[in-house]
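Colleague: Top line first, the protein sequences correspond to chains G and U.
Sequential numbering of the first sequence, starting at 118, is according to this note's numbering.
Sequential numbering of the second sequence, starting at 5, is according to this note's numbering.
Quick caveat, the hints were computed from the structure, so don't treat them as lab data.
Don't take every hint at face value.
What the hints assert, rightly or not - With a cut-off of at most 35 Å between alpha-carbon atoms, the simulated DSBU-like pairs for lysine-lysine come out as follows:
{"id": "1", "chain 1": "U", "residue 1": "Lys173", "chain 2": "U", "residue 2": "Lys367"}
{"id": "2", "chain 1": "G", "residue 1": "Lys256", "chain 2": "U", "residue 2": "Lys493"}
{"id": "3", "chain 1": "G", "residue 1": "Lys256", "chain 2": "U", "residue 2": "Lys553"}
Note that this is a predicted model, so its numbers are computed, not measured.
Here is how the chains run, residue by residue.
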Amino acid sequence: MKTRVAFFVAVVALLTACSSGKPNINYYQLSPAPTTQQVDLNLPTLFFETISLVDYLKQTNLILANDSGQLYVTRYHVWAEPLEQAIARSMVNHLNQSQQKFRAQHQFKSSCGGQCYRVKLLVEQFYPTESNQVIFAGKYQLIKDGKVIAQQDFNLQQTLKQDGYGAAVSSLHQLTIQLASQIAQRLATVE
Amino acid sequence: MQSQSAQSQDNQALISSHRQVSKVWFIPFIALAIGLWMVGDSYFNRGPLITIEFADAEGLEAGKTRVKTLNVDIGLVTSVSLNPNRDGVVVIARLNPHTESLLTSESLFWVVKPRIGSGGISGLSTLMSGSYIEFVSGDGHDDVSDHFIGLEQEPITALGVPGIRINLKGDQGKSVSVGDPVTYRGFDVGRIEQSDFDIEQRVVKYQVFIRAPYSNLVTDNTYFWNSSGVSFEASAQGISVNLGSIESLISGGITFDVPDDLPLGNKISAGTEFNLYPNKSSVYEQRKYQSQEFMVFFEDSVRGLSVGAPIEYRGIRIGTVTEISLALADKKQIETAGLRIPVLLRIEPARIGMPDQPASVSKVKAQIETWIEQGLKATLKTGSLLTGSLFVDLDFYPIDKLSKTEVFNQINIIPSVSGSLAQIEQKVFAILDKFEQLPIDVTVENINKMLVSANSAMATMDQTVEQLKFILANKDTQALPATLAQTLKQLNTVMQGYDSDSALYGEMTQTMSQLQLMIRQVQPLIKELNNKPNSLIFETQAGADPEPKGLNNED
Chain G
118 MKTRVAFFVA VVALLTACSS GKPNINYYQL SPAPTTQQVD LNLPTLFFET ISLVDYLKQT
178 NLILANDSGQ LYVTRYHVWA EPLEQAIARS MVNHLNQSQQ KFRAQHQFKS SCGGQCYRVK
238 LLVEQFYPTE SNQVIFAGKY QLIKDGKVIA QQDFNLQQTL KQDGYGAAVS SLHQLTIQLA
298 SQIAQRLATV E
Chain U
5 MQSQSAQSQD NQALISSHRQ VSKVWFIPFI ALAIGLWMVG DSYFNRGPLI TIEFADAEGL
65 EAGKTRVKTL NVDIGLVTSV SLNPNRDGVV VIARLNPHTE SLLTSESLFW VVKPRIGSGG
125 ISGLSTLMSG SYIEFVSGDG HDDVSDHFIG LEQEPITALG VPGIRINLKG DQGKSVSVGD
185 PVTYRGFDVG RIEQSDFDIE QRVVKYQVFI RAPYSNLVTD NTYFWNSSGV SFEASAQGIS
245 VNLGSIESLI SGGITFDVPD DLPLGNKISA GTEFNLYPNK SSVYEQRKYQ SQEFMVFFED
305 SVRGLSVGAP IEYRGIRIGT VTEISLALAD KKQIETAGLR IPVLLRIEPA RIGMPDQPAS
365 VSKVKAQIET WIEQGLKATL KTGSLLTGSL FVDLDFYPID KLSKTEVFNQ INIIPSVSGS
425 LAQIEQKVFA ILDKFEQLPI DVTVENINKM LVSANSAMAT MDQTVEQLKF ILANKDTQAL
485 PATLAQTLKQ LNTVMQGYDS DSALYGEMTQ TMSQLQLMIR QVQPLIKELN NKPNSLIFET
545 QAGADPEPKG LNNED
């Protein structure tokens, strides 16, 4: 029995010896907590139904692009939640806070009642670059009663003013807000 | 004078002899002389004595019946007696003096007595006065005669009337008789004078007199036809009724004209012979034209096709059927079975507006030979459904092996094709033949067998239905629908549990997203292990991540 305990202690000591001096993992949240806001249920509904990510974005780690277009997957900077949910939530929160023409909602229900729009979003780029830029690019479709009423490609960029991933995530959040506003405007024109 | 002489003798007695014949006797002599003179004068100045032969002596009486001309009394019948053969009578009449010049060989005598005939009523005046003999002098002044043959009745045309006499030849004497009028466009221009039946030619011959100046209307292109009675004609323009004059309506008549398509023609001489056609349309139908003969051999029955039947090309008459006879065929052909009936046709170019000349005939012959090669064929068609009469129709059909010029007895052959009726007949027969060949006995037997099998099948089915009834009557079976409904209800409830609003759905979504997150988190580890399998044990010397640079902090 004693020999077993002695062996276990030795192994643990050996393993712990190898894991010294490692940086901490940082978790990031895209949008801040929503403000208190009452939503009118009689407004037309806009569902952010499907938000698809291109394959390299389907991971928890943040991505950094260098000047030559190479992507770097960070080791110690990760999203606190799946990215598509984070983007959708950010946009929904912004829309419900910023306007009263329709109410935004995250998940689609077949029985929406009244007028009902759906947004399909494909995210192709969503990362900071080493050259002071933050990029949010992709395409979206507006759908009404099963018919596509509008389709738009977008490529939003913002200059990064501060160093670090915290500032980059904040910029990305701003870009999602920008896209949400664009979608709201587009919806107003097609109506 | 005698008294004076006597007184003188008394005074002077003179005695004289009485030998002288008394002068008183001159008186009888003078009387005798006068008598003789009268007799002589009467004898030498009496009129001619003529002999007339009649068929009978009806109304004639010796010493009473007069002889008249133009109602002037010129003589008296002196005796009526039978002729030596006893088949007629001989009438002797004494005419008035100085009438010899009237008696020529062409003089005509006939008895005028009351008559009622087709020409009307005549001689009514003789009812009171009695019959008399009418006399018309002839033209031949040189040829004096005293023996005449009396006419049965008054001559149709008075002697000396200018005009022309022509002869007509017809197939039948129907409703045309002597004395009937001859009209031109409804105007009475002449009479039928005689009618005879020519036994040799088997035709009726008529002598017709046409008065001048109407005689000029008759030319060598004139056609005569029987205008008796009423004629109906139904055509595309409607129905037309042609009525002759009342006289011709009752008694018949003949009319004549030049057909529209012919020139007037040349004048004719007396005695010219013409054909008499039964009616106006037959003039156009049966007229003789310059023609070209063709032969057709028909496979169909020619019953209903007659000589004189028309030949038509798409409804236009272009010729006439002249002969239908097996005698036309070859002897060799007669011996073979399925002999076709030879029919001789006459194509008449004048019927289609070409001049009636030999040149037209040769042109039409050449044209038809070309058409034969292009598919012209003859077929029999029904002209009248009522009478079943046929006519020959020429038309174009698909070119086949028959479409070539063939000659039979130096007559060109037009190929034939079966008529539509005959074709239908052939098809019907073919169908009937097929019906006959059907194995009806076998079929009926099979049907019988099938019916037996069907009977047994029905029995089995009855049994099955009985069993089914039993099953359905079972309470468990009856409860089955209710159980099924309940099950469906439960299934519905279960399915509702999986609805997007349900807690289970929410949990599942959550689990899925957690699973997704976990996979994403494990991904870098797997990549690391791929690169460096011992990285779990030996730490990788990885530095800190590169940081995005802000514009404000850029060096």
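Colleague: Give me the numbers of the hints this structure contradicts, sorted from smallest to largest.
Modeller: 2
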